[in-house]
Amino acid sequence: MARIRKIEIANFRGIQRLAWCPAPGINCLIGPGDSGKSSVLDAIDLCLGARRNVQFSDADFFDLDITSPISITLTLGCLDDAMRTLESYGAFLRAFNATTGAVEDEPLVDAEVVLCLNLTVASDLEPSWTLVSERAAQQGIVKTLAWKDRVALAPTRIGAFANVNLGWQRGSVLNRVSEERADASAALVKAARDARSAFGDQAEQQLGEALGIVTDTAQELGVNIGAKAKALLDSHSVSFGGGTISLHNESGIPLRSLGVGSTRLLVAGLQRQAAGKASIVLSDELEYGLEPHRIARFLGSLGAKDDAAPLQVFLTTHSPVALRELSGDQLFVLRRSPQGHEAYPVGTDNGIQSTIRLYPEAFLAGSVVVCEGASEIGLLRGLDLFNLEQGGVSLAALGVALIDCGGGDPDRPYTRAVAFQILGYRVMVLRDDDKKPTPAIEQAFIESGGAIVAYRLGRALEDELFGSLTPEACKQLITYANELHGDLIIEHLRTASNNTLTFQQVWDEIHNTGALAAEHRATLGQAARIRKAGWFKSISWMEDVARTIVAPDLPHCDPGFRELIDQVFGWAANAPR
Amino acid sequence: MRPAEIDLRVISRGTVTAPAGCGKTQLIAHTLAGHQGSKPILVLTHTNAGVAALRGRLDRAGVPTSAYRLSTIDGWAIRLISSFPGRSAHNPEILQLAAPAHDYPAIRDAAWRLLQTEHISEVLKASYAHLIVDEYQDCSVPQHHIVYFLSLILPTCVLGDPMQAIFGFRGNTLVDWNQQVCTHFPVVGELATPWRWRNAGAEALGQWLLEARGRLVTGQSVDLRSGPPEHVTWIQAVPPNDHTQRLAAARAVPPTADGRVLIIADSRNRAAQQNFASQIPGASTVEAVDLRDLIAFANGFDEKSADALGQLLALAQSVMTNLGVPELTRHLGSLQRGTARNPPSVAESRALAFAQSPSLTGATELLLALRAQPNVRVHRPAILYGVLKALRDASPGTIPLAEAARRVREENRLLGRPLPKRAVGSTLLLKGLEAEVAVLVNTEGMSAQHLYVAMTRGSMKLVVCSPNPVVG
Numbered sequence: 000m001a002r003i004r005k006i007e008i009a010n011f012r013g014i015q016r017l018a019w020c021p022a023p024g025i026n027c028l029i030g031p032g033d034s035g036k037s038s039v040l041d042a043i044d045l046c047l048g049a050r051r052n053v054q055f056s057d058a059d060f061f062d063l064d065i066t067s068p069i070s071i072t073l074t075l076g077c078l079d080d081a082m083r084t085l086e087s088y089g090a091f092l093r094a095f096n097a098t099t100g101a102v103e104d105e106p107l108v109d110a111e112v113v114l115c116l117n118l119t120v121a122s123d124l125e126p127s128w129t130l131v132s133e134r135a136a137q138q139g140i141v142k143t144l145a146w147k148d149r150v151a152l153a154p155t156r157i158g159a160f161a162n163v164n165l166g167w168q169r170g171s172v173l174n175r176v177s178e179e180r181a182d183a184s185a186a187l188v189k190a191a192r193d194a195r196s197a198f199g200d201q202a203e204q205q206l207g208e209a210l211g212i213v214t215d216t217a218q219e220l221g222v223n224i225g226a227k228a229k230a231l232l233d234s235h236s237v238s239f240g241g242g243t244i245s246l247h248n249e250s251g252i253p254l255r256s257l258g259v260g261s262t263r264l265l266v267a268g269l270q271r272q273a274a275g276k277a278s279i280v281l282s283d284e285l286e287y288g289l290e291p292h293r294i295a296r297f298l299g300s301l302g303a304k305d306d307a308a309p310l311q312v313f314l315t316t317h318s319p320v321a322l323r324e325l326s327g328d329q330l331f332v333l334r335r336s337p338q339g340h341e342a343y344p345v346g347t348d349n350g351i352q353s354t355i356r357l358y359p360e361a362f363l364a365g366s367v368v369v370c371e372g373a374s375e376i377g378l379l380r381g382l383d384l385f386n387l388e389q390g391g392v393s394l395a396a397l398g399v400a401l402i403d404c405g406g407g408d409p410d411r412p413y414t415r416a417v418a419f420q421i422l423g424y425r426v427m428v429l430r431d432d433d434k435k436p437t438p439a440i441e442q443a444f445i446e447s448g449g450a451i452v453a454y455r456l457g458r459a460l461e462d463e464l465f466g467s468l469t470p471e472a473c474k475q476l477i478t479y480a481n482e483l484h485g486d487l488i489i490e491h492l493r494t495a496s497n498n499t500l501t502f503q504q505v506w507d508e509i510h511n512t513g514a515l516a517a518e519h520r521a522t523l524g525q526a527a528r529i530r531k532a533g534w535f536k537s538i539s540w541m542e543d544v545a546r547t548i549v550a551p552d553l554p555h556c557d558p559g560f561r562e563l564i565d566q567v568f569g570w571a572a573n574a575p576r
Numbered sequence: 000m001r002p003a004e005i006d007l008r009v010i011s012r013g014t015v016t017a018p019a020g021c022g023k024t025q026l027i028a029h030t031l032a033g034h035q036g037s038k039p040i041l042v043l044t045h046t047n048a049g050v051a052a053l054r055g056r057l058d059r060a061g062v063p064t065s066a067y068r069l070s071t072i073d074g075w076a077i078r079l080i081s082s083f084p085g086r087s088a089h090n091p092e093i094l095q096l097a098a099p100a101h102d103y104p105a106i107r108d109a110a111w112r113l114l115q116t117e118h119i120s121e122v123l124k125a126s127y128a129h130l131i132v133d134e135y136q137d138c139s140v141p142q143h144h145i146v147y148f149l150s151l152i153l154p155t156c157v158l159g160d161p162m163q164a165i166f167g168f169r170g171n172t173l174v175d176w177n178q179q180v181c182t183h184f185p186v187v188g189e190l191a192t193p194w195r196w197r198n199a200g201a202e203a204l205g206q207w208l209l210e211a212r213g214r215l216v217t218g219q220s221v222d223l224r225s226g227p228p229e230h231v232t233w234i235q236a237v238p239p240n241d242h243t244q245r246l247a248a249a250r251a252v253p254p255t256a257d258g259r260v261l262i263i264a265d266s267r268n269r270a271a272q273q274n275f276a277s278q279i280p281g282a283s284t285v286e287a288v289d290l291r292d293l294i295a296f297a298n299g300f301d302e303k304s305a306d307a308l309g310q311l312l313a314l315a316q317s318v319m320t321n322l323g324v325p326e327l328t329r330h331l332g333s334l335q336r337g338t339a340r341n342p343p344s345v346a347e348s349r350a351l352a353f354a355q356s357p358s359l360t361g362a363t364e365l366l367l368a369l370r371a372q373p374n375v376r377v378h379r380p381a382i383l384y385g386v387l388k389a390l391r392d393a394s395p396g397t398i399p400l401a402e403a404a405r406r407v408r409e410e411n412r413l414l415g416r417p418l419p420k421r422a423v424g425s426t427l428l429l430k431g432l433e434a435e436v437a438v439l440v441n442t443e444g445m446s447a448q449h450l451y452v453a454m455t456r457g458s459m460k461l462v463v464c465s466p467n468p469v470v471g
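Chains A and B, in that order, are what the protein sequence lines are.
Using numbering that gives the first Met the number 0, the letters of the first sequence correspond one by one to residues 0 to 576.
Using numbering that gives the first Met the number 0, the letters of the second sequence correspond one by one to residues 0 to 471.
Hints are computed from structural coordinates only; laboratory data are not their basis.
Treat the hints loosely; a few may be bogus.
[As the list claims (entries may be wrong)] Not everything, but these chain B residues come out facing chain A in the computed CB check (under 10 Å):
hint, residue
1, 33
2, 37
3, 38
4, 68
5, 78
6, 87
7, 123
8, 126
9, 384
10, 409
[Stated by the list, open to error] Only pairs whose alpha carbons sit at most 27 Å apart, straight line, appear in this in silico BS3-like list of lysine-lysine:
hint, chain 1, residue 1, chain 2, residue 2
11, A, 5, A, 147
12, A, 142, B, 124
13, B, 420, B, 23
14, A, 142, B, 38
15, A, 147, B, 420
16, A, 147, B, 38
17, B, 124, A, 5
Where is the CB? At the ideal position from N, CA and C, for every residue including glycine.
Put together the whole structure using the sequences plus the hints.
Below is the structure:
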């Protein structure tokens, strides 16, 4: 039931330096592409895997600099008693402080007893695994984990090719599901003569428990293998080696001919069954081969919804579906920072959990625009769509995600924005100016590198639109509102103008003068945003308005407004790569 | 294996009193053989010889080595503090054991202080299922502290016998049995079957010794004439012929052909022990594990010094009888002056060769030639063979003789000592050893504990030579 308490990586592939204390359960790494997520999983696998030989190349060194050795150190806690005895690893037992993440060289009362396993690769490319202990080093004692302990600790990798786990070969999860071993040697000689049917029944008897577990797990997860799994002599195997016995379905077809998704799902379920023996699981691109509903099952079988985590799981994902299934304390944003890499826990504070549910894409993007309300979302989407139609690059392609704060308290966008800012995202707040936020909060956000675009002079979006667009565009806005709401808008204008302005007057003014007076623009703005009856107050309405009316009008409208929009899109386009 | 009288594994904190020869070791073996858990039982005792003896017994009893970890208290303490030097904060030099008289106490203190901090309690709980400490009466106070703090972490059972507590001397205050041991480790049982004597067909002797123990515990004396006459012999020592009487007692014939005899002389008088060994046919000494005379010789010997030949002859005389060193020295003198009438013997040739061109190899050859002379008998084999081995190891010149001797000593310490058929020693040297016959040639000044230890060394026969039949 071991757990990795701390991961320290130096000079490994894209990671110059990383120190991270993962959670005891699910650890899903997210972050921009090439941020090193897969390298973290590989680092764990290389350091803790039970392999006698691993090939390294110059390309595994950070910046190809082979003079700085690769070093991967895993601090292992929750160890079996046999691994923290005075006799086995006495001079190597250390203490881990869960609060500070600090490791002390010697055990400490009330701190967890841990072992630190280090993998170092220097320029000769020879990997060397040793246990870390300053005191042992001083006494010239070098020791590594015993092979049996490495086998016990070895993580299971549910990769794109999980087939290895569908037979009883070395490293297969089946060997961990039960203690049973098919003694096939005698039967194989016979089977070589009598062909596989003769052997099939014997294997089934010997592997009854495992087959039962496979059957149950498969059924629970909806992987169709017929009424029960069978263990048959693998007709493909020419040599009678360890992989001779593998799983087959009821009709004798090897389970490895299942689809990628089914295989991965089944192996995840089996791993869960074997959690008592091997408790660390790695899966890169967890969504690989899985339909959205199976992603949820996959995560569920790895214990994502359990209070007491049965497994420690390291995942990477680019799937919003996966994010939606996870909670903030199961998510870590991996980022390159000036000091090296950092893994930020997303956490569950500041309403971030609901943001994960509503805007999972935002966590997979590099830059986030926190929009005050649905109107701003619609505006940016509409402008973005128009831009895309004109052959431009979309916000999504620029790695920019939009999230909606749902209006309300003017400080709310900053709460949300700061949560993202802490996680290392580039964040912009797009807000209206009719209700102003607390200056200190806004100031702090700016000082931490945040960007703000606000409408001018106490305006809301409707004020900006009717105040800035050309008269012709304003006419289109009114026409669009009329199509949506019919004569209701006449009532709105009457209320907003105290019976002093009608649409007829507006029409005449535009027709006769080609202009629209500032006070009429202001009145229209107010009429368009009467509480609970805003003309464009829905993402899709405003998106439509922005795409068909605002965007084409931008080159001709008030430069001040154009400037605001340019700020947003300029910021979006300037993300550092 | 016969069923155990007491199951040590159910004792979470307690003492089992174990009179000599009542199956204590067997009980430990039985307990360990029945241990099934995944964690081993830690078994601690006092000396490396004790460890070797216990390990032998456990191997013969077929106890799987995975069931236990066996060590001396001091050896375990060294392992403990060297594993956690930071928490223990001891001076690392004490682990070199360059000054044992200072270093061992420092190690013991560091060990119990480390246990007291509780930093490593989890590690110890993970390491062992139970703690058994053998020969608890031999614990010094700091060793008792080690076990005391261990018992707060692990279920602990100690075995011992206050009547066998003989290792208390200056600088090594033993734990107080009643005040310290029994208050923390309440007595939960006492072994009462004299297995050693029953197995040897001398149960009457065993029962009489248990009764004698009972008298000695309460400060009463024991009348040797009350013993079963077929097993207990008292020979009166009457000055001025008492030395001859003691030598006669020491020639006691064992009841079986391959039986061994332990001759127990005055603990405080090594010269007297060596003297007995040289005068009793077939007897040789049991030497203390520090092999003091080996080390002293190796430290002081310089083959290039003018005195080297004299040193070698003095050593030879101290470990072999019938050498005739004075005569040999005279003859050597006349040979060197060219006035000798007789040609040199082989040994004399070696001596002359050594005097001419001294070397460690030459010294070895001289000692071997001396031993090969007719009628010469080695009565201190441990010293002689230790010196020979050290000389051989040092002769290539790669290590100094003193270092070679120290290695020989450490090797002996670990290997234990083979018991000669007729061994002369003291209670301190012979404790833990047993033979068919025990001869006490000197009871004067013996405490009740020393007396009890001495009397219980023989499984078939006890011979005592003393002025008075009532002892203790």
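Checked hints:
At about 20 Å, the closest approach between the beta carbon of residue 33 of chain B and any beta carbon in chain A exceeds 10 Å, and the interface hint on this residue is violated. At its closest, the beta carbon of residue 37 of chain B sits 7 Å from a beta carbon of chain A; the interface hint therefore holds under the 10 Å criterion. A least Cβ separation of about 6 Å between residue 38 of chain B and chain A falls short of the 10 Å threshold, and the interface hint therefore holds. Hint on residue 68 of chain B holds. Least Cβ distance to chain A is approximately 6 Å, under the 10 Å limit.
The interface hint given for residue 78 of chain B is met, as the beta carbon of that residue sits about 7 Å from the closest beta carbon of chain A, less than 10 Å. Interface hint at residue 87 of chain B: satisfied, since its Cβ lies 9 Å from the closest Cβ of chain A, which is below the 10 Å cut-off. At its closest, the beta carbon of residue 123 of chain B sits 7 Å from a beta carbon of chain A; the interface hint therefore holds under the 10 Å criterion. The restraint placing residue 126 of chain B at the interface with chain A holds, with a minimum CB-CB distance near 4 Å, inside the 10 Å limit.
Using the Cβ-Cβ criterion of 10 Å, the hint placing residue 384 of chain B at the interface with chain A is not satisfied: the shortest such distance is roughly 34 Å. Checking residue 409 of chain B against chain A by beta carbon gives a least distance of about 19 Å; that is not within 10 Å, so the hint is violated. The straight-line distance between the Cα atoms of residue 5 of chain A and residue 147 of chain A is roughly 22 Å, inside the 27 Å bound, and the hint therefore holds. Distance check on the hinted pair: residue 142 of chain A and residue 124 of chain B sit about 22 Å apart at the alpha-carbon level, within 27 Å; holds.
For the proposed pair residue 420 of chain B and residue 23 of chain B, the alpha carbon gap of about 25 Å is at most 27 Å, so the pair holds. Among the hinted pairs, residue 142 of chain A with residue 38 of chain B is consistent with the structure: their alpha-carbon atoms are about 22 Å apart, no more than 27 Å. Between residue 147 of chain A and residue 420 of chain B the alpha-carbon distance is near 48 Å, which puts this suggested pair outside the 27 Å criterion. Restraint check for residue 147 of chain A and residue 38 of chain B: the C-alpha separation of about 17 Å stays at or below 27 Å, so the hint holds.
As the CA atoms of residue 124 of chain B and residue 5 of chain A are separated by approximately 24 Å, the hinted pair is consistent with the 27 Å bound.
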